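Let's have the full structure, built from the sequences with the hints guiding it.
Which chain is which? The protein sequence lines are A and B, in order. Under the working numbering, the residue at position 76 of the first sequence is numbered 76, and the numbers go up by one with no gaps. Heads up: take any position in the second sequence, counting from 1, add 113, and you land on the working numbering.
Simulated from the structure, these hints should not be mistaken for laboratory data. This one's a predicted model, so the numbers in the text were calculated from it and none came from an experiment. Worth double-checking, as some hints may not be accurate.
Only pairs whose alpha carbons sit at most 25 Å apart, straight line, appear in this in silico SDA-like list of lysine to any residue [stated by the list, open to error]: (1) A:Lys60 <-> B:Glu569; (2) A:Lys82 <-> B:Ile370; (3) B:Lys360 <-> B:Val157; (4) A:Lys40 <-> B:Pro585; (5) B:Lys485 <-> B:Ile367; (6) A:Lys17 <-> B:Phe197; (7) A:Lys60 <-> A:Arg47; (8) A:Lys82 <-> A:Val7; (9) A:Lys17 <-> B:Lys363; (10) B:Lys360 <-> A:Asp67; (11) A:Lys3 <-> A:Asp67; (12) A:Lys17 <-> A:Gly27; (13) A:Lys9 <-> B:Tyr584; (14) A:Lys17 <-> B:Gly365; (15) A:Lys60 <-> B:Val484; (16) A:Lys3 <-> A:Leu56; (17) A:Lys60 <-> A:Ile23; (18) A:Lys17 <-> B:Ala186; (19) B:Lys363 <-> B:Ala174; (20) A:Lys78 <-> B:Pro585.
Simulated restraints, written as ranges between beta carbons of each label pair [stated by the list, open to error]: (21) B:Lys483 <-> A:Ser94: 44 to 50 Å; (22) B:Asp364 <-> A:Leu45: 35 to 41 Å; (23) A:Ile100 <-> B:Lys558: 54 to 60 Å; (24) B:Leu476 <-> A:Ala66: 26 to 32 Å; (25) A:Gln26 <-> B:Met561: 45 to 51 Å; (26) B:Gly362 <-> A:Glu62: 21 to 27 Å; (27) A:Arg103 <-> B:Gly480: 41 to 47 Å; (28) A:Thr29 <-> B:Ala186: 18 to 24 Å; (29) A:Gly84 <-> B:Gly480: 35 to 41 Å; (30) A:Asp79 <-> B:Leu352: 30 to 36 Å; (31) B:Ala186 <-> A:Tyr51: 14 to 20 Å; (32) B:Asp364 <-> A:Ala110: 51 to 57 Å; (33) B:Gly433 <-> A:Glu68: 39 to 45 Å; (34) B:Lys483 <-> A:Arg103: 57 to 63 Å.
In this text, a Cβ means the ideal position worked out from N, Cα and C, and glycines have one as well.
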Amino acid sequence: MKKIEAVIKPFKLDEVKSALLAIGVQGMTVSEVRGFGRQKGHTELYRGAEYVVDLLPKVKLEVVVADELVDKVVVTIKDTAKTGRIGDGKVFVSDVADVIRIRTGERGDAAVN
Amino acid sequence: MKAWIFGAALVAAVAGAAPAWAETAAPPTVETLMSAYSDLRVGVDTVWVLVAAMLVFFMNAGFALVESGLCRAKNATNILAKNFIVFAASTLSFWAVGWGLMFGDGNSFMGTQGLFFLSGADNSPALGEAYAAMNPFSTSVYEGVYSSINWTPVPLWAKFFFQLVFAGTCATIVSGAVAERIKFKSFLVFSFLLVAFIYPITGHWIWGGGLLGANNFRDFAGSSVVHSVGGWAALAGVLVLGPRLGKYGKDGRINPIPGHSMTSAALGVLILWLGWFGFNPGSTMAAMNGSAIAHILVATNMAAATGALGALATAWWLLGKPDLSMILNGCLAGLVAVTAPCAFVTIGSSAIIGLLGGILVVLAVVGFDKVKVDDPVGALSVHLVNGIWGTLALGLFYDNDVATNVAALATGLSRSGQTLVQLKGIVYVGVFAFAASMVFWLLVKVTMGVRVSEEEELEGLDLGEHGNSAYPDFATHQSAFGHGSGLTAPATRPLAAGQPATAKS
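Right under this line is the structure:
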């Protein structure tokens with residue numbers, strides 16, 4: 001099992017979510033986050049003075065799936081979240097030691113399917 | 114002040130208790146008493162008209178809160194800026210030419226005399242002979258070029274300010290419908306044009322002695338003059354702009370885009386409800402007929418109440434839940450609908466008019482979405498649909514006794530006759546206001562563009578149009594005293610932890 005975390009532009013969430021559901025992802029966790037990458041945010045203007053907003057609003061999407069689905073999920077996120085402009089975000093993939101479904105006590109792949 | 118002194122002198126003289134300084138003066142004659150009473154009358158009327166106008170002015174706050182609350186946080190600064198600047202723009206353009214076109218003597222289409230900056234002759238508060246009943250104590254006869262509004266015994270600037278806040282309301286209506294995608298400067302230019310040319314011309318037809326008012330068309334406080342004209346202008350704008358990104362899916366799905374603060378929206382509607390007690394009752398533009406003012410105020414409140422209840426019931430039945438945003442729209446719908454008929458119909462009729470307005474607004478919101486006309490705040494459903502409904506309802510529920518005693522504008526027509534006249538007016542106003550708005554919107558589109566870029570719309574207009582955000586409090590930016598990355602140290606040494614601010618180091 002792998003955990004796929006994607007930090008994406010907030011307005012792309014709906015599109016990415018529908019695309020993931022369409023390829024068989026069963027659930028996900030989404031949080032509103034702030035962050036920056038290489039561009040270090042942007043400048044805003046208040047009463048004539050500029051200030052830097054480096055931490056921009058983003059959405060972080062977390063999905064845990066069985067190994068065979070990982071590539072498909074990554075490609076789907078990459079394709080649907082892409083605008084081609086700076087700030088599209090990143091996808092992180094990591095190993096997950098175990099998953100437990102609280103209601104039934106199922107473990108591993110059975111708990112994410 | 115003058116009126117107060119005369120009034121006090123009058124009271125003192127009548128009571129036979131004139132102070133020592135007055136004993137040496139000549140005893141009051143009938144003429145001086147009449148003149149003093151006339152001045153007192155003018156003072157009382159002026160206070161009422163100006164206080165009512167101030168209530169209508171406060172509706173700007175209501176619109177700002179409703180519209181920003183029903184839109185997303187990323188566009189809040191932009192909407193507030195639009196609502197704020199629109200009254201400033203209206204003030205200038207109504208002063209420059211709007212007033213003259215609307216109330217200047219001229220032909221049945223528009224005013225032609227005293228066009229610019231209220232420069233025409235005018236000896237207000239003198240009254241025209243036909244309206245001597247308004248102030249029987251005044252012997253001066255009106256001489257000037259704004260004779261269509263010489264029936265109210267108040268000074269010219271009181272008339273101007275009262276009419277100005279109505280013009281401003283009309284322009285504000287547009288702001289909500291075109292929200293979240295329009296360029297700020299394009300909206301500003303259109304607002305100038307709307308208040309300078311479109312609003313005053315249809316206004317002249319109805320209130321300025323033009324072709325509709327002279328032919329028995331009635332609109333007491335502006336269901337047509339203010340609300341449907343604003344609605345038509347908004348509709349043209351929405352059609353030129355197109356829907357917000359993501360509002361309508363490719364498969365025909367309607368995606369709701371919830372507003373960011375129902376608290377703000379609800380407070381805004383309460384402020385508008387209050388403001389309407391200036392809007393309609395103030396349109397008597399005179400204070401002395403107390404029962405007329407009371408009738409109009411209660412009719413206004415009744416329609417607001419039944420409008421809210423009508424929308425509540427319709428939303429509950431049709432959509433499954435008593436949606437607050439629909440209740441708020443319903444209250445406004447009732448208020449808009451009763452604005453024309455409030456002085457022509459009984460209190461019972463106004464309750465029915467409001468109720469139907471509340472039902473209508475929910476159906477209209479759903480209907481506009483079905484035909485993919487994207488109106489973020491329901492301005493078309495409230496102001497256009499119910500402006501038309503209210504104008505029509507004046508005919509359907511017309512009561513000649515109320516029209517005589519409250520509006521003092523009875524036509525003597527039957528209900529069906531009045532309804533036909535109203536229908537004709539609705540068509541005239543609709544065709545002109547929509548067509549003229551469309552021409553102006555297209556002109557703006559060709560010369561400066563109307564819509565922000567796709568990227569800006571997604572990021573929010575606050576950032577794109579104004580360079581900052583409405584709610585920047587999240588600790589994301591480097592402030593002068595922050596600890597963000599790359600911060601240069603403040604010029605003064607920061608206090609050590611726990612050190613009191615007053616301690617000397």
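For each hint, the structure was consulted:
1. A:Lys60 <-> B:Glu569: Status holds; Cα separation ~22 Å.
2. A:Lys82 <-> B:Ile370: Distance of about 22 Å is within 25 Å: holds.
3. B:Lys360 <-> B:Val157: violated, 51 Å
4. A:Lys40 <-> B:Pro585: Distance of about 17 Å is within 25 Å: holds.
5. B:Lys485 <-> B:Ile367: Since the Cα atoms of Lys485 (chain B) and Ile367 (chain B) sit roughly 8 Å apart, the hinted pair holds (cutoff 25 Å).
6. A:Lys17 <-> B:Phe197: Between Lys17 (chain A) and Phe197 (chain B) the Cα gap is close to 38 Å, so the pair fails against 25 Å, i.e. violated.
7. A:Lys60 <-> A:Arg47: Violated, at roughly 32 Å.
8. A:Lys82 <-> A:Val7: At roughly 11 Å apart (the allowed maximum being 25 Å), Val7 (chain A) and Lys82 (chain A) satisfy the hint.
9. A:Lys17 <-> B:Lys363: holds, 16 Å
10. B:Lys360 <-> A:Asp67: Distance of about 36 Å is beyond 25 Å: violated.
11. A:Lys3 <-> A:Asp67: holds, 9 Å
12. A:Lys17 <-> A:Gly27: Judged against 25 Å, a Cα distance of about 10 Å means the pair holds.
13. A:Lys9 <-> B:Tyr584: This hinted pair holds, its Cα atoms lying about 19 Å apart.
14. A:Lys17 <-> B:Gly365: holds, 19 Å
15. A:Lys60 <-> B:Val484: violated, 35 Å
16. A:Lys3 <-> A:Leu56: Satisfied, since the Cα-Cα distance of roughly 24 Å is no more than 25 Å.
17. A:Lys60 <-> A:Ile23: holds, 19 Å
18. A:Lys17 <-> B:Ala186: Status holds; Cα separation ~22 Å.
19. B:Lys363 <-> B:Ala174: Distance of about 37 Å is beyond 25 Å: violated.
20. A:Lys78 <-> B:Pro585: violated, 30 Å
21. B:Lys483 <-> A:Ser94: 44 to 50 Å: Holds, since Lys483 (chain B) and Ser94 (chain A) (Cβ atoms, about 46 Å apart) stay within the stated range.
22. B:Asp364 <-> A:Leu45: 35 to 41 Å: holds, 40 Å
23. A:Ile100 <-> B:Lys558: 54 to 60 Å: For Ile100 (chain A) and Lys558 (chain B) the Cβ distance comes to about 58 Å; the hint holds.
24. B:Leu476 <-> A:Ala66: 26 to 32 Å: Between Leu476 (chain B) and Ala66 (chain A), where Cβ atoms are some 49 Å apart, the hint is violated.
25. A:Gln26 <-> B:Met561: 45 to 51 Å: Because 50 Å falls inside the window, the suggested range holds.
26. B:Gly362 <-> A:Glu62: 21 to 27 Å: With Cβ atoms ~26 Å apart, the hint holds.
27. A:Arg103 <-> B:Gly480: 41 to 47 Å: holds, 44 Å
28. A:Thr29 <-> B:Ala186: 18 to 24 Å: holds, 23 Å
29. A:Gly84 <-> B:Gly480: 35 to 41 Å: The hinted range 35 to 41 Å holds for Gly84 (chain A) and Gly480 (chain B), with Cβ atoms some 38 Å apart.
30. A:Asp79 <-> B:Leu352: 30 to 36 Å: holds, 34 Å
31. B:Ala186 <-> A:Tyr51: 14 to 20 Å: The hint (14 to 20 Å, Cβ to Cβ) holds, given that Ala186 (chain B) and Tyr51 (chain A) are roughly 19 Å apart.
32. B:Asp364 <-> A:Ala110: 51 to 57 Å: violated, 34 Å
33. B:Gly433 <-> A:Glu68: 39 to 45 Å: Cβ of Gly433 (chain B) to Cβ of Glu68 (chain A): about 41 Å, so the range 39 to 45 Å holds.
34. B:Lys483 <-> A:Arg103: 57 to 63 Å: violated, 41 Å
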